[in-house]
Amino acid sequence: MNSSFSSPLYAKRRRRNVITMALSYAATGFGLSWLVVILGVLLWEGFSGLSLAVFTEMTPPPGSAGGLLNPIAGSLVMTVIAVLVGTPLGMLAGTYMAEYGRYDKLTTVVRFINDILLSAPSIVIGLFIYEIMVAQMGHFSGWAGAVSLAVIVVPVVVRTTEDMLILVPDTLREAAASIGLPRSLMIRRVAYRAARAGMVTGVLLAVARISGETAPLLFTALNNQFWSLNLNAPVSSLPVVIFQFALSPYKDWQKLAWTGALIITLAVLALSIVARILAAQRKTS
Amino acid sequence: MLSTGRRPVVDVALRGAGISAVDHVDRAKVLQRLRLGDAVFRHLTRAAALVVLVILGGIIVSLVWGSLPALRTFGVSFLYEEVWNPVTEKFGAIAPIYGTVVTSFIAMLIAVPVGLFIALFLTELCPMWLRRPIGIAIELLAGIPSIIYGIWGLFVFAPFLQQYVQPFLIAVFGEIPVLSILFAGPPYGIGIFTAGLILAIMVLPFITSISRDVFEAVPPVLKEAAYGLGCTTWEVARYVVLPYTRVGVIGGVMLGLGRALGETMAVTFVIGNAHRISGSLLAPGTTISATIANEFTEAVGDLYTSALIALGLILFVITFIVLAIARLMLLRLNARVGG
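Protein chains in written order, with the numbering used here: chain A, 1 to 285; chain B, 1 to 339.
So here's chain B without its partners, still in its complex pose (with noise of 0.2 Å):
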């Protein structure tokens, strides 16, 4: 038997926790408690996980529900109509779908180039010494709530835009065909254009952080046999780094875009809240999150608020689609890495 004399491992392993092998007398009643608090806590932990799921479940199911009596009412012309109309009643989506879509775009159009070079300046051509500092820099603006980028932009931001930075593209591409549908009208400072900068300054930390992660990961074996073979560092970033991390990269862009695509505070602080499809990007817009932030406390009315729930069930399906895909890229790539 275990007690030989001396007390047994296991009761100095177990002092404290009000439990010993020895002290008491029925050692099957002892085992039998611990074999019960092993099974409590492993229950437990199982249950906590299905919380998890029981989360994403409760919000599909909460969403569709409230939903249902403005995808009733309107049907699939939700999906196209431009009209928003409290006082009618009259409900489509596209106009906040269209400036959801397009201040995300023009977000990674300007985040993903940048962030991409940035994370090449951090893995390639930094100094040891001044990477950490850059690093958690980098971490610390993507640690600044959404809210600070709001109020910055409506202060800041939106009027150094409207003064210097708007009539200059209005006067540039004023006669060039296309762009000056684009850069259009006269310049309001808040809009399309500028919620869309706004998510681009909060998206790059998210894309230069995981950029450099998976940069990091390309083995230097590979990096220094092209550098033998007299490559420039940019041809080694080119050729060997980007080829070798591209679904890591591409999942890095996805979760970026997620981000951008359900961002609410900063984008509803600059976006102006018109519910209008314009061909300009200067014009006052609107996106999904804007329109529920803005709407929904002051929503009267059934019909209102089912309508706006079913905007919030829009982007969660957008953005659980994007968010999977990005996921799966960069489970992808670590098991390449790992394996």
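Only chain A is shown next, with the shape it has when bound in the complex (with noise of 0.2 Å):
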């Protein structure tokens, strides 16, 4: 057996090696090119319009000057609603699966279902409100809108709170009991108090999820030209703006669909900076 660094076989396998780490690195770089491409042109084409009108004046009509106070108020309003619906039911949802149920056949169906969701098309989630919703009530209206919004905050939420929940120690939860604590408040004082950095972040997470969600408004919270916070009407928001303004043959409507999708993307962005950071802490101490 001479293993010879030069035979043939070893200089083919060396060879093939050389290739596929170069692939390797190649992918990488072809992967981190679109991001630095994306943010480079929303960057550039978002800052040259953004100004003060942007945050003070009402969607224009074609062909004058105007900013987007109307759908960013309309989707602070439903993302502020979506979350206060969304949260405590996927709260409530994931401490039964990681306290109460955490090896029962419910968990494990409702487990199963939750991660389905959790990527379901988001079209779907603005059908289904639609038909309940929309189509009962006879117009399109904001609730809707925050409804839809809720029911994709719901999986994300139960998401991280039962996984949180099951990071934290059992010796807290024996060590409660043992001073005779109830159960529902050991949970409430001690299981949430550990893991409440981790919720949070799943909250921060669910908020950026839906705030660049686009489809499920569409045909549900509509849009609205005009400023309105009337939750039974028509709501405009800033992603379907953003899609209406984009399409639109009109220069200054995409000059403002670049700036909507700038402040899109930096609040997105900024939120899962901060959730990172929260998570970060919660390793740490």
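Honestly, I wouldn't trust all of these hints.
Taking beta-carbon pairs under 10 Å as the criterion, some of the chain B residues facing chain A (in silico) [claimed, not checked]:
1) Leu34
2) Ser62
3) Ile147
4) Glu263
5) Thr297
6) Ile309
Stretch by stretch, here's where chain A covers chain B in the computed footprint (C-beta under 8 Å, at least three residues) [what the hints assert, rightly or not]:
7) 264-271
8) 319-331
Keep in mind the hints are simulated off the structure, nothing from the lab. Quick caveat, the model's predicted, so the values are computed rather than measured. C-beta: ideal position from N, C-alpha, C; glycine also.
If you follow the hints, you should be able to join the two separate chains into one complex; please do so.
See below:
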């Protein structure tokens, strides 16, 4: 067995390794370059249209100046309602799965279904809310938009709540039980407190997720050209306005669409960075 | 009894809850209250868990209910008819189904190998200090909302493809028998091909991050043993890491596929919304989600609306199956790694 380094087999293996490793570097460069290209274009196009008027004026008719005040406000209101509805629901469900029924059948089924809802197409959720709210009420409304966003929030919060509660050491629970604390109080005063940072991270991720969602709003909240926070009527939202303005033939509308896109992206990135910092703190403390 | 002169420990734990075991004379009453609170909270959480199931059930029931008129009118032919004519109220779903499948296929064709190679880079080649930044960058790419990909695709990527890439493809493949059909026709910029590429960029981070996670789950001792035998990095990846994580990688790929199938906004901007099946990938087409997004608010007539909801039902069934397989695969891997 002469394992000489110059044998043809060895050379072939080494060549193959060099090629695949080069491919691996190239793939990483390829993947990261999209981030640079997309963010670069977005910053360039978005910042050139950014001004105070964007935050103080209403969406304009084609051909005149204006801002994005009504869609920004509409998005904020619907996001807040969606979080207020979806978070408690998701946290309670996650609590059941991690604390009460960690090993029972219901939890296994709910976990499976929840994971599927987590990546289900959001446009289908829009159709669902259209059927149960818009079609029944007879008109598009901000409430329908907020509820469809809440349906997207729930699985994200369920998932993180369950994951974070499972990480809480059982010794904490046993200590609480040993001093006679009822189970529900143990969960609320001990387990929640220990898992707080992680649960907040989940909510932030959920907000990041819904702040860019367009598909479920298209035929629930629809759109509104005017200042209106009446949730019984169509409400404007940033993603839907971007969609409408970007596909329009008017240059100034397209400009506003880019600016709106920049605002959403910065908001989403800021949220995920804060979530990341919170998660890191949990790990070190 | 618990109270022995000093305040019982439970009083300290309950401080601020408005309940005290000592201050109330009637212990039984306090315990009763706690027991009730316990039961209420338990049932509340259980009900919330059931709501998750109700949401899924509600989606299925409402979609089936909404699509009944269309399914009753067209029957099974809805699945294979190509006609989509709101004026004569004739609808068939095959063109959007075709578009959905083909764009997702293009996306997976590109994103799977690239994603696996990036995951390989991150777990085997990348210096430690660089792993976290690159991992974060990949996750940022996953966090960008799809409408951003859409607007970028429409204004930047599609014109670029139209000007440089597509004429090149047409020129190169124009002479080769089968490929000349796939890359025929004028370069529109928007179309099935562009939508597939955008989807590839969108799905890439999902596949990368899941593959990286499952690659990291390989016990180091297996890899070290292979390196000890003199294997190259590629051989370790190909013959140790990949076989060990196969189930997880397939799960991750299916998860990415589920995303690609259901993705709406990024595709809607660049697909062209044409209800026909064209042999050429460069031609405009449509997908299920893009059809719904484009036409739902303008749909007049119950049959039209119902046909669009039926499309949604088809999409939901397809993605449900794909995602269910993905989850089962990942569960299987977890069971093996855990046990």
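Let's test the interface hint: is any C-beta of chain A closer than 10 Å to that of Leu34 of chain B? holds (5 Å)
Report holds or violated for the interface hint on Ile147 of chain B, using the least CB-CB distance to chain A and a cut-off of 10 Å. holds (5 Å)
Minimum beta-carbon distance criterion (10 Å), Thr297 of chain B to chain A: holds (5 Å)
Verdict on chain A covering the region 319-331 of chain B, where coverage means 3 or more residues with a C-beta closer than 8 Å: With 5 residues in contact (Cβ-Cβ under 8 Å with chain A), the coverage given for the region 319-331 of chain B holds.
With a cut-off of 8 Å between beta carbons, are at least three residues of the region 264-271 of chain B near chain A? holds (count 4)
Is the shortest C-beta separation between Glu263 of chain B and chain A less than 10 Å? holds (7 Å)
Checking hints one by one. Is Ser62 of chain B an interface residue toward chain A, by the C-beta closer than 10 Å rule? Because about 4 Å separates Ser62 of chain B from the closest Cβ in chain A, which is inside the 10 Å limit, the hint holds.
At a threshold of 10 Å, is the proposed contact between Ile309 of chain B and chain A supported by beta-carbon distances? Hint on Ile309 of chain B: holds, closest Cβ of chain A at ~6 Å, below 10 Å.
Taken one by one, the earlier hints all hold for this structure without exception.
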